[in-house]
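As they're listed, the protein sequences go chains W and Z.
Counting from 1, one number per residue, gives the positions in the first sequence under the working numbering.
Counting from 1, one number per residue, gives the positions in the second sequence under the working numbering.
Read the hints as simulated data drawn from the structure, not as lab findings.
For every residue, glycine included, the Cβ atom is placed at its ideal position computed from N, Cα and C.
Please note: incorrect hints may appear among the correct ones.
[As the list claims (entries may be wrong)] Computed list of lysine-lysine pairs in DSS-like fashion (alpha-carbon distance at most 27 Å, straight line): (1) Z:Lys79 <-> Z:Lys153; (2) Z:Lys79 <-> W:Lys270; (3) Z:Lys11 <-> W:Lys232; (4) Z:Lys228 <-> W:Lys176; (5) W:Lys260 <-> Z:Lys263.
[To be verified] Over the 10 Å line for every Cβ pair with chain Z, so calculated as not near, a few chain W residues: (6) Pro121; (7) Glu169; (8) Asp206; (9) Ser281.
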Amino acid sequence: MSDKKNVNRPMAKGILTDVTKCIGCERCVEGCVRQHKLPADYPMKFKADDGLSGYRYTSIVKTPGPKPGEWRMVRRQCMHCEDASCASVCLVSAFDKNPDGSVSYNADKCIGCRYCMLGCPFSNIRYQYDNPIPFVAKCKMGEECRVEGGMLACTTACPTGATVYGPRESLLKEAKRRIKENPDLYIDHVYGEHDFGGTNVMYISDVPIEDVINMPSAKELEAMRVPSLTHKSIPELLHAWVIVTPIQFFAVAGSLFGIKFLQRRSRLMKERALEKQANLSNKNEGGE
Amino acid sequence: MKEPLRLKLLKDVLWALALSALVVGVGRFIFGLAAATNMTDLLPWGLWKILNMIAGAAVATSGFIIAAVVYILNLEKYKKVARFSILIGFLGYGSSLFSLLFDIGLPHRGWHPFFMWNPHSFLFEVFWCVSIYWSITALEIIPLITERFRIPKITHLLHEYMLPFIVLGVTLSTMHHSSLGSLFMASPTRLHPLWFSLWIPMEFLISAMGAGMATIVLLMIIFNWLYKRENDMVVLRRIASVSAVFLFLYLALKSADLTYFNKWNFVFGPEYTWESTLFQLEIALQVIFPLVIFSIPQLRKNMGLLIFGCLSAFVGLGMHRINTGIVGYFSSTNSVYIPSLSEFVLSFGIMAATTLVFMVLVEKFYVFEEPEHIEGSKIHEAKVEYWSLTEAKSFFSGPRLKRVLLTVVIIIPLTAFSLRQQATGPYKPDTRLVERAPIAMDTMRTWLRIDANRNGDMVYFPHEKHMDKVKKQFSIEKEQTCQKCHHLNAPKDHNSSCRVCHKDMKIPTPIFNLENHRDRFDTEQKYDEFMAYNLDIPKENYQACSMCHEENMDGLIEYKAKGFSHVAPGFEDAMHGLCLTCHRQIEEKPEDPDGKGNCRFCHKLNPVDLVELMKPDEPEGEQPAEPIKLVD
């Protein structure tokens, strides 16, 4: 399915994060902070453990490495899904999927219902709860992120090349090449290639990072009784129910009017029968 | 007319709750959601949405069922309940929508969904259905007002043309009840499988119908008790028995769901968790108890059991909605949401205010029955005449006012206290822009990046290793080391100089001998000052090393100019940057016999042997105070 969508968006770009290369320096975070002129973050006690917040669009999460005592750093950010759940659930369509692959947020439309946060399977959308005029915070990956050379502030800042920006197709090829060259090191899975209908932000890693980026594995999805999400997006899963709504409207309204109509008809019939009887009896009376 | 004690007490409690909610509501708009609620980024839908909107809509569902029964199926028997339940629908939805104004972030944009469409969204459907349905219930209760003020024309007109609106209202009701369920279909991986299902819309609709009817019986009994009216037991029992049908349907649907999606494991089987217990309790309360009581006539006749059944269905329904909306998300997000006191206060306060409005309507209007049910002569005696000025006066003065004032004095400070962080004011993030990278961006890193010369030239600092080193060297506790001065929660600690940590930077080491560099200091006094550098001076007076020693930091900038990176990836580069520039300059001078720019000048042999080998190289006379042991 994701392949079909890519045909529609040949310019789709994405980010590939190689967990084995990340040293956790947080230069990407810093680049993002400087680019968007974000204020200082609030203290840890108000934040989720993963470091994303209303004022941080990306963060680095520490996770155990392959051996005890070793650690791996995973960059967290919006996954920019091919078929984005947030764009599908937002009631004022404040989220748009753009031709460049990014999912952008239009703050002018937002009413603050936070349904996008509930709908995001990766919980990558955050809210400025402390702000009396709050907005949703989320990685942008769009024009406002670009520095010289048309690259993103976060990926240019990376000193080790652990996170790179480019066309999704070539990133996918690169990811597969890396896995092929180092099959002993990497897990043979490009996170985000097909999962949840495909995402534009992809990961390759030598340790399982499902729990870190909240992208359940096929086994976990099986346990949650939604196994089709390994290749289907959530909007696709729910598509049938959106169609049901108008059908339900006409069915219920129609049947109610039908009941009413039948009632009226039977009442009329009864009245007519009564009238006939009355007429008959009148006639009979007259006849006598 | 003297109010009985039970009414007086109840109204006081409701007034107190409503007033406290007012305080919380104002506080929420001034300080933001963080001050009033415990919602987090991972659990973004809190009590106000789930309890007031989603559970509230389910409880107020009775309006549409009774309307359908009375006006479409023409069952006159239930007409006595119709007005009561439609009014409950109107007020219930009204209070739900009102509480949403506090919950959504930007309530002044509440009109947006009317113009900005996204037909794919279930919430969009809910919004439209609920807003239209609410308008229709408003239309349906207009006769209440027109009868009271004796405008028979409008009453008649409404009676005449009500049918399409009622059909539309009933249709929209079924639609939004199922859509309220579909809202949670958007999170298949986060909601616990016991509550998530692709059949959840039907489950929401049927459970709302079943328990909604039980709720109308409960409310009927309560209000009849309050106003000392006779319970029409035949009608109530009838409603209860119809409710049993829907409860049974719900039970069947839920079991089919559990079977179809193979989820019995979660209820009894090997995947038993605390959620399973909660689910069993919920099903028992919502379905099993009421179903048993309502479907057996002998039990149904017992007033106490009937009340228990209705109460149980009511509580179970609320539990189901809260489990679906809040509790089901706990285990997948690894977080817990316990509503704050102010959330509870606002939630129940709005309900209390709604109840007060309802009581006013009950007292002043014909709520329990339409006027034709009252015998002709009694119509004008049954109710007080129009509100008069004196009545209004007595409402705002006298004992009621005193009680209200008392509650204001006691309740408002208590409520204001319930706003979180009230003592210190709401948390305000530092709004200054980050111009340079903070020393530590985050607290969980092994590696920190330190701004070495406050020019954006970074040094990688293996934090944990250094902590271990310092601990071993000085055998002190973790809390007393670096963290003592600049705790990591001070994320913008720009003012600390390198010397706060690197106070041993220029203390003689096996490689570096300070005495050799004594001539680098302009005066003896400066040397003494340096040696006696007092770390106890206020933080504001700290200076970066480079403020005085610009020339020493050249190396790092040079490193940057070479185009490798402007990051010094470690201690090695930092030391090279600090020393090598000078050494190279000296090497070029003819009077340098030692070749100070040569690597071998410092790195004579491998570091272990250096400790021994440095000693002969010491200048004669003064020995360094005590060479500091290097621990790797």
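Straight-line alpha-carbon gap Lys79 of chain Z to Lys270 of chain W, limit 27 Å: With Cα atoms ~24 Å apart, Lys79 of chain Z and Lys270 of chain W stay inside 27 Å; holds.
Check the hint pairing Lys11 of chain Z with Lys232 of chain W against an upper bound of 27 Å on the C-alpha distance. With Cα atoms ~54 Å apart, Lys11 of chain Z and Lys232 of chain W exceed 27 Å; violated.
Closest CB-CB distance from Ser281 of chain W to chain Z, is it above 10 Å? About 28 Å separates Ser281 of chain W from the closest Cβ of chain Z, which puts it past 10 Å; holds.
Regarding the pair Lys260 of chain W and Lys263 of chain Z, is the alpha-carbon distance no greater than 27 Å? violated (41 Å)
Given the hint that Lys228 of chain Z pairs with Lys176 of chain W, test it: the Cα-Cα distance must not exceed 27 Å. violated (77 Å)
Just checking, Glu169 of chain W versus chain Z, shortest CB gap more than 10 Å? holds (27 Å)
Does Lys153 of chain Z sit within 27 Å of Lys79 of chain Z, going by the straight-line distance between their CA atoms? holds (21 Å)
Against chain Z, does Pro121 of chain W hold up as non-interface, every C-beta pair farther apart than 10 Å? violated (5 Å)
10 Å cut-off, C-beta based - Asp206 of chain W kept clear of every residue in chain Z: Correct as stated: the minimum Cβ-Cβ distance to chain Z is 17 Å, above 10 Å.
When the structure is compared with the earlier hints, violations turn up for hints 3, 4, 5 and 6 and for no others.
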